[in-house]
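Visitor: These protein sequence lines map, in sequence, to chains A and B.
For the first sequence, numbering that gives the first Met the number 0 gives the first residue as 0, with consecutive numbering after it.
For the second sequence, numbering that gives the first Met the number 0 gives the first residue as 0, with consecutive numbering after it.
Be aware that a few hints might be false.
Which stretches of chain A does chain B cover? Using the computed rule of at least three CB atoms under 8 Å from a CB of chain B, they are [claimed, not checked]: (1) 62 to 76; (2) 150 to 161; (3) 200 to 212; (4) 234 to 244.
Residues on chain A that point at chain B, a partial pick, calculated with CB under 8 Å [what the hints assert, rightly or not]: (5) A124; (6) V135; (7) R136; (8) R276; (9) T321.
Keep in mind that the hints were calculated from the coordinates and are not lab data.
Since we're looking at a predicted model, the values are computed, not measured.
Note that the Cβ used here is the ideal one computed from N, Cα and C, for glycine as well.
Number of protein chains: 2
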Amino acid sequence: MTEPAFAGDFPDAEFTVRLERAQRSMAAEKLDALLITTEAELRYFSGFRTLFWQSPTRPWFLIVPAAGKPIAVVPEIGAALMRATWIDDVRTWAAPHASDDGVSLLTAAMAGYARVGMSMGRASALRMPLTDFQRVRDALPGTQWSDASVLLRNLRMVKSEAEIDKIRAICAIGSAAFERGTELFHEGQPLDEVFRAFKIELLRQGAEDVPYLVGGAGSGGYADVISPPSARPLQRGDVLMLDTGATRHGYFCDFDRNFAIGPPSEAATTANDVLWRATEAGLAVARPGATCADVYRAMANVIGQGDGDVGRLGHALGSELTEEPSLISWDQTVLQAGMVMTLEPSMVVAGDAIMVHEENIVVRDGAPELLTKRAAPELVAI
Amino acid sequence: MTEPAFAGDFPDAEFTVRLERAQRSMAAEKLDALLITTEAELRYFSGFRTLFWQSPTRPWFLIVPAAGKPIAVVPEIGAALMRATWIDDVRTWAAPHASDDGVSLLTAAMAGYARVGMSMGRASALRMPLTDFQRVRDALPGTQWSDASVLLRNLRMVKSEAEIDKIRAICAIGSAAFERGTELFHEGQPLDEVFRAFKIELLRQGAEDVPYLVGGAGSGGYADVISPPSARPLQRGDVLMLDTGATRHGYFCDFDRNFAIGPPSEAATTANDVLWRATEAGLAVARPGATCADVYRAMANVIGQGDGDVGRLGHALGSELTEEPSLISWDQTVLQAGMVMTLEPSMVVAGDAIMVHEENIVVRDGAPELLTKRAAPELVAI
Numbered sequence: 000m001t002e003p004a005f006a007g008d009f010p011d012a013e014f015t016v017r018l019e020r021a022q023r024s025m026a027a028e029k030l031d032a033l034l035i036t037t038e039a040e041l042r043y044f045s046g047f048r049t050l051f052w053q054s055p056t057r058p059w060f061l062i063v064p065a066a067g068k069p070i071a072v073v074p075e076i077g078a079a080l081m082r083a084t085w086i087d088d089v090r091t092w093a094a095p096h097a098s099d100d101g102v103s104l105l106t107a108a109m110a111g112y113a114r115v116g117m118s119m120g121r122a123s124a125l126r127m128p129l130t131d132f133q134r135v136r137d138a139l140p141g142t143q144w145s146d147a148s149v150l151l152r153n154l155r156m157v158k159s160e161a162e163i164d165k166i167r168a169i170c171a172i173g174s175a176a177f178e179r180g181t182e183l184f185h186e187g188q189p190l191d192e193v194f195r196a197f198k199i200e201l202l203r204q205g206a207e208d209v210p211y212l213v214g215g216a217g218s219g220g221y222a223d224v225i226s227p228p229s230a231r232p233l234q235r236g237d238v239l240m241l242d243t244g245a246t247r248h249g250y251f252c253d254f255d256r257n258f259a260i261g262p263p264s265e266a267a268t269t270a271n272d273v274l275w276r277a278t279e280a281g282l283a284v285a286r287p288g289a290t291c292a293d294v295y296r297a298m299a300n301v302i303g304q305g306d307g308d309v310g311r312l313g314h315a316l317g318s319e320l321t322e323e324p325s326l327i328s329w330d331q332t333v334l335q336a337g338m339v340m341t342l343e344p345s346m347v348v349a350g351d352a353i354m355v356h357e358e359n360i361v362v363r364d365g366a367p368e369l370l371t372k373r374a375a376p377e378l379v380a381i
Numbered sequence: 000m001t002e003p004a005f006a007g008d009f010p011d012a013e014f015t016v017r018l019e020r021a022q023r024s025m026a027a028e029k030l031d032a033l034l035i036t037t038e039a040e041l042r043y044f045s046g047f048r049t050l051f052w053q054s055p056t057r058p059w060f061l062i063v064p065a066a067g068k069p070i071a072v073v074p075e076i077g078a079a080l081m082r083a084t085w086i087d088d089v090r091t092w093a094a095p096h097a098s099d100d101g102v103s104l105l106t107a108a109m110a111g112y113a114r115v116g117m118s119m120g121r122a123s124a125l126r127m128p129l130t131d132f133q134r135v136r137d138a139l140p141g142t143q144w145s146d147a148s149v150l151l152r153n154l155r156m157v158k159s160e161a162e163i164d165k166i167r168a169i170c171a172i173g174s175a176a177f178e179r180g181t182e183l184f185h186e187g188q189p190l191d192e193v194f195r196a197f198k199i200e201l202l203r204q205g206a207e208d209v210p211y212l213v214g215g216a217g218s219g220g221y222a223d224v225i226s227p228p229s230a231r232p233l234q235r236g237d238v239l240m241l242d243t244g245a246t247r248h249g250y251f252c253d254f255d256r257n258f259a260i261g262p263p264s265e266a267a268t269t270a271n272d273v274l275w276r277a278t279e280a281g282l283a284v285a286r287p288g289a290t291c292a293d294v295y296r297a298m299a300n301v302i303g304q305g306d307g308d309v310g311r312l313g314h315a316l317g318s319e320l321t322e323e324p325s326l327i328s329w330d331q332t333v334l335q336a337g338m339v340m341t342l343e344p345s346m347v348v349a350g351d352a353i354m355v356h357e358e359n360i361v362v363r364d365g366a367p368e369l370l371t372k373r374a375a376p377e378l379v380a381i
C-alpha cells in the first residue's frame, strides 16, 4: 500500500562498479571483508541515505565481502529504507536493545573472515560503542583486523561522472545563491540574520540541506572561520565571508565568497588580489600526475606567508564536506582525473584578521573543470 | 582588531555547575579524568559550538580532570573559538599533521591520570582514529580505562533551567512553523517541496538550523520515518507526517505533526485518536520517581499492539536529537525533575502503513511541562 519514499540517488550500476573496485583492492591487500560503521562509507557502498544519523542511539553496520554483495546489519527502523537500496541481504534487530545492540548479529555475519579491514586511520572514527567493538573482537578471536583507511580513501577520492554531476549541481546552486549576495546582505544587518537569509536562499535555489554555513565579518577581515554568527551588525569597512557546505542528493559543495561592506580597505583589497591569484596558481597546477603538495606549494608561493590558521589550502570533497586527501605541504597523494577538490588559499590580512578564498574543481585531463562560478577578481562591494 | 564572532550560549556559571557535578560523580567512581572526543560531550563541558564537526579531518579532545578546569587539546583552527569559551588551558597543534595528529600533545596532557573514564557504552562513538587511540593507550601503559557512559548520561540528562529555556524556545519555533502547515502544504505538492517549504518556515520563525527533517506521506499512513523525501505529489487520502529536529543555540526540538490531505480514512482517524490518547497516558505518568519503562507501558497499553517499527516510544532530548535514556520496556531509569523527554507513540494503521505522534516535555514536580504546543486531538485536514 505504502511505497518507499526514497527511490535512491544512483542506478544500481553505480554501486556495482564501486563494489568491483573495492573487491579488486581488497584482493590486492588480501582482505576477506571490510567492516563499515560510518555514514559516508556506508552510503558509498549501499546508497542508504538518511538524516537519521543525527541520532546517536543506534549503530549501523555494513560488511563488504571479498566476493558477493554487501550485507547490511541494521536496526529494524532502517529496514524499509535499506531494502529499497540495491542491497539484498538486510539483517535487522529491534534497537535499542537492552543488552545486545547488533553485536551477536554482526558477529555471526562476520564469522569466517580471517582478515577484516576497517577505517582506523586519518580522518576516521568508530561509530559504535567501544565496548561493543571489543565484544565483537573477543567473539572472533581468529580474525585479524587491519587499517583500510587508505584503501577506502583511494576508492572514494576518484568520483564517477554521476557523482560529479551531483556535486556540479549543488555548486551551481551555491553559486546562484552567492550571486544574490549583494541583494541579500546590507550594512546594519546582524550577522546571524545574514546567515539566516543565505540559508533560505540556498534552499530556494534547490539545496536540500545546509549542514554547514560558517563565516565571519570584521573590520578588514575576520578572526576565525568556524564560529557561529553573532548578532553584530555589518559595518562599513567590514569584510564579510560566508563559507557554505550545502547538499543535494547527499553531495556537498564547499566554497566561500567575500563581500566588502562599503569601500574595502587597501589591505583587504590587496589580500583579495593575492588570494585570487593564488587560486589561479592552484588551477594551473591541478593536473593528473601532480601531487597535492605541488598544488599546495603553487598557492603558498603566491601567498608568501605560510598557510595561516587553516593548516591546509584545500581538500577533497564529495559526500562529506571535507574528504581525504589534503592540499598541504606533506601530502604526496598524486592527483587523478575525477578527483573533486577545493582550492582554499588563506592569508593574514593584518593583526589577527584573515581572509580565505575557495573554489571547487574536478581534476580533468588538461585544465581542471571549475564546478563553482569563479569569484570575481575584485572584492564585491555592498 | 577583530573580535570573536561568538559570545557563547551560556554564562560561565553554567559550566562551573556542570563541572562540579561531574567532579562529584568522578570522585564517587574514583576517576582521575574524563577523556572527551565527541561533539555533544565536548560542548557540554566547554561551550565550544561550531558546525565544523561536519569535517571529519580533525579530532578534538577535552580532558575533564578530577580537580580544576577542563583542558582543551584541539587543532589550531579552533583555537580562537575555544579561547572565547570559559576554558583557560587551550593546547593546539597544526592539524592535519603528517604523522602526529594531537597524539603526543594529548598523551602529555594525560600523563599522571591513573584512571580515565570515556564514553564506551550505549549510544557512544569514538571520534578519533582507532590507531591513534591505540597509540595513546600504548603511550600510557599505567592508565586504566573505564566506561563512563552512564556517568556522563546521568549528568547530561538532567537539564538546567538555562538549557530548558533554549529547548523551550526551539520547540516554540517548531510549533509556530507547524501552525502554518495548512497554508504551506497542499494537495499536488511534491513531498520534497513540502520539506523545503517547511525548512524555510522554520528558519524564518527563528531556527538556526534544521539538521533533521524526515517524514512521509502515503495513503492512510507512511511506510517509514527515516527516508529522504521523494518528489511524489501529495494526494487526497494521504496522511503527511513531518518530524523535525531544528536547533537554536545548539539545542534541538524533536517532534512531529500529522496532516490529512482531504478527508482522512477511518483507519487514520482511529489511529490518530489512539496515538493522541497514548500521549495523554504518557503525560499522566511522566513524574519524578516513575521509570522510563512505566511511561513506555502507559503509552503501549493504549496502543495495544507493541511498539511498531520504532522500537521505543520516546527518548531524552537536548543538544542531541536523541539522548539517553529511552522510553522502552527494559529501561529502568528513574525520571527526575529537569529531564527533557519526547513522548513518541507509534502504531501500525494497516498493512505496512504506520503513524507516529510526538511531543516534547520537561519532567517537573507534579505534571510535566509541555514544551511543544499540544497537537489537536483530531487529525488536521488540508
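Visitor: Going through the numbered hints above, which ones does this structure break? Give me the numbers in ascending order.
Guide: Checked against the structure, the hints that fail are numbers 2, 4, 6, 7, 8, while the rest are satisfied.
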